[in-house]
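2 protein chains.
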Amino acid sequence: LKHSIHPQAHLDQLTEGILRGDRVLLGQAITLVESKLEKDALLAETLLEKVLHKTGNAFRIGITGAPGAGKSTFIEALGTVITGSGKKLAVLTIDPSSQLTKGSILGDKTRMEQLSKNEMAFIRPTASSGTLGGVAGKTREAMLLCEAAGYEIVIVETVGVGQSEVAVKDMVDFFLLLMLAGAGDELQGMKKGIIELTDAMVIAKADGENRSRASEAQAVFQQAFHFLPPSPSGWKSPVLLSSALHSEGIEEVWKLMLGYETETKTSGFFEQNRRSQRVSWFKECFAQELQQDIESIPALRAAQKDLERAVMNAAISTQVAARKLLGDYFTYIRESGS
Amino acid sequence: LKHSIHPQAHLDQLTEGILRGDRVLLGQAITLVESKLEKDALLAETLLEKVLHKTGNAFRIGITGAPGAGKSTFIEALGTVITGSGKKLAVLTIDPSSQLTKGSILGDKTRMEQLSKNEMAFIRPTASSGTLGGVAGKTREAMLLCEAAGYEIVIVETVGVGQSEVAVKDMVDFFLLLMLAGAGDELQGMKKGIIELTDAMVIAKADGENRSRASEAQAVFQQAFHFLPPSPSGWKSPVLLSSALHSEGIEEVWKLMLGYETETKTSGFFEQNRRSQRVSWFKECFAQELQQDIESIPALRAAQKDLERAVMNAAISTQVAARKLLGDYFTYIRESGS
Chain A
1 LKHSIHPQAH LDQLTEGILR GDRVLLGQAI TLVESKLEKD ALLAETLLEK
51 VLHKTGNAFR IGITGAPGAG KSTFIEALGT VITGSGKKLA VLTIDPSSQL
101 TKGSILGDKT RMEQLSKNEM AFIRPTASSG TLGGVAGKTR EAMLLCEAAG
151 YEIVIVETVG VGQSEVAVKD MVDFFLLLML AGAGDELQGM KKGIIELTDA
201 MVIAKADGEN RSRASEAQAV FQQAFHFLPP SPSGWKSPVL LSSALHSEGI
251 EEVWKLMLGY ETETKTSGFF EQNRRSQRVS WFKECFAQEL QQDIESIPAL
301 RAAQKDLERA VMNAAISTQV AARKLLGDYF TYIRESGS
Chain B
1001 LKHSIHPQAH LDQLTEGILR GDRVLLGQAI TLVESKLEKD ALLAETLLEK
1051 VLHKTGNAFR IGITGAPGAG KSTFIEALGT VITGSGKKLA VLTIDPSSQL
1101 TKGSILGDKT RMEQLSKNEM AFIRPTASSG TLGGVAGKTR EAMLLCEAAG
1151 YEIVIVETVG VGQSEVAVKD MVDFFLLLML AGAGDELQGM KKGIIELTDA
1201 MVIAKADGEN RSRASEAQAV FQQAFHFLPP SPSGWKSPVL LSSALHSEGI
1251 EEVWKLMLGY ETETKTSGFF EQNRRSQRVS WFKECFAQEL QQDIESIPAL
1301 RAAQKDLERA VMNAAISTQV AARKLLGDYF TYIRESGS
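Protein chains in written order, with our numbering: chain A, 1 to 338; chain B, 1001 to 1338.
Keep in mind the hints are simulated off the structure, nothing from the lab.
Just so we're clear, the structure is a prediction, and the values are computed from it rather than from any experiment.
Among the clues, some could well be false.
To be verified - Simulated crosslink set (SDA-like; lysine to any residue; CA at most 20 Å straight-line):
1. B:1283 - A:238
2. A:88 - A:12
3. B:1050 - A:284
4. B:1236 - B:1258
5. B:1324 - A:88
6. B:1088 - B:1259
7. A:324 - B:1333
8. A:283 - B:1235
9. B:1255 - B:1235
10. B:1305 - A:279
11. A:324 - B:1052
12. A:305 - B:1280
13. A:305 - B:1272
14. B:1305 - A:284
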């Protein structure tokens, strides 16, 4: 990020670059959005506001799955189908376990070799800050920037073991769970509730000697889905097989996604879901801003920690603790002047 | 609630009455906790603080299920087993659809006839305020009061169709889902994700011509559970059959619950879960206090509504909207003085 030039000029350059679809400037803009520096936060906000009118037009897809389920291979194969159909694709990955060099895409270059050479695709790991919401926060803003840069499909990839899945589910239109055939064992370590969030399950690596096991798993999961409550969209989550190795089942997954998009756009669910996602994101942002504010003030951060400990040990009622923290906060705001 | 006497004297009377296990005063205390009057809120807080050292000792059970699943009948049968084993039982019901007269237990008297005459049982519908969290807020405080009054088992009953299940799951030790045999149809209208929250599923009314359908459903759900991620406690959720009509399966459910209590207390999960519940409740309370504060100030409430609408229509970015609301709030706090 060049700060040798005037911030306003830099902002104009980024805005113009994004709207033109410049990949280097898009990458820089995402780095700006991910920055933890206070001066960058305000710039990032302004940038997002400037490109807001160009956002919202992509079909947003979340893909999750346990480590080792073959997400990168699957996304590479799916991405090749998507770009092959003439659509520009952005892939954002959230991987809390990987060490990312800020702004570098080297990590993913090695993971999705073909796709990273594809002119129609933009691949970008998004930094995973420690805080919940923080992870999603940056990814959501990065997604908006990709949309403004003209990407028609955005895939958000996440590892299905942490807190990030619910956040990702809440920022995408279609949520896919990738599994390995292993009849349930691979669910160990996955977050409870994740299956019920998925719009489709794909059993990957359904080839060779895995093939029959994959078919068995498909039948069992299909039955399990049948006994889960239906989605508010009315959509029934199917279970598909795929083999990235033999390019099998990938086109079917893409057709399914397009079918979902058409169906929910026709029913009105698509837009309704987007609207409610925006409102809950607003609430999330507000809570996050507030929490960041509290944590930036040492005395308040200490008070919060102390109260949390007291509440944990049932030494104080939650209500009293909450009111006390709010009181301390108000006092601080008043004393800090306007 | 008598306000003819001095608040402090009234508070002392309630505190002493609760700790003595006086049912009438316990009922009055719950009414106080549920009150929306500001002066009552502070009294309620003080009351809870006074009895805090006597709370936390009950085994807390959440029971949910679609309307018509026979929750009242099931709880009446289960409650008879529990009280028959010499344990004092409190039943708190949350029913957003029922019209409750504040402080009246008539509604439930008619629903659980036997149990309501039982000296070992205390039945109380808790008012469902419109706001999410509000529902749970009052129920959780009511639960604490029941514990202080010496109730060893607390059952929280909720209808499995709304937002309240997650809140209830987060305040109990054991969460049970009651179903009717109908091979999946009864899941219509239930909230997604609820099955993965349950520690046990009970298929009710498994008698007469329902019997074979219930057994079929049991087998299918057992298989479905097998393919859901395991609980962090390591507990595997079983599927049981029951017939309140023939008093069948009820003792088994109770034994299962006691088994869960023993197992999780031995493993340490029980207390660990309680501690994390208290912390998340603290955070919830803080967010709620703040939201109530914002809503109590007409200008801020209006600003929030306007921003929400703008965000919903993507006319403003969520980040800018959040920061604007926080800014307005700070300005108000500063101008309102200390």
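Would you check the hint for residue 1088 of chain B and residue 1259 of chain B, treating anything up to 20 Å between C-alpha atoms as holding?
Holds, because 19 Å separates the two Cα atoms, which is no more than 20 Å.
Given the proposed pairing of residue 305 of chain A with residue 1280 of chain B, does the C-alpha separation stay at or below 20 Å?
13 Å, holds
Given pair status - residue 1258 of chain B, residue 1236 of chain B, alpha carbons within 20 Å:
With a Cα-Cα distance of about 15 Å, the restraint between residue 1236 of chain B and residue 1258 of chain B holds, given a limit of 20 Å.
Between residue 1255 of chain B and residue 1235 of chain B, is the straight-line Cα distance small enough, at 20 Å or below?
15 Å, holds
Sort out whether residue 12 of chain A lies within 20 Å of residue 88 of chain A, counting only the CA atoms.
Not OK: residue 88 of chain A and residue 12 of chain A at ~24 Å, beyond 20 Å, violated.
Residue 1050 of chain B and residue 284 of chain A: Cα distance at most 20 Å?
Outside the cut-off at roughly 34 Å; violated.
Are the Cα positions of residue 1305 of chain B and residue 284 of chain A separated by 20 Å at most?
15 Å, holds
Check whether the Cα positions of residue 1324 of chain B and residue 88 of chain A lie no farther apart than 20 Å.
34 Å, violated
Measure nothing beyond the straight line between the CA atoms of residue 305 of chain A and residue 1272 of chain B; if it is 20 Å or shorter, mark the hint as holding.
18 Å, holds
Is the Cα-Cα distance between residue 324 of chain A and residue 1052 of chain B 20 Å or less?
Status holds; Cα separation ~17 Å.
If you draw a straight line from the CA of residue 1283 of chain B to the CA of residue 238 of chain A, is it 20 Å or shorter?
Cα-Cα ~37 Å, so violated.
Can you confirm whether the C-alpha distance between residue 1305 of chain B and residue 279 of chain A stays at or below 20 Å?
10 Å, holds
Figure legend: structure checked against the earlier numbered hints; hints not met, in rising order: 1, 2, 3, 5 and 8.
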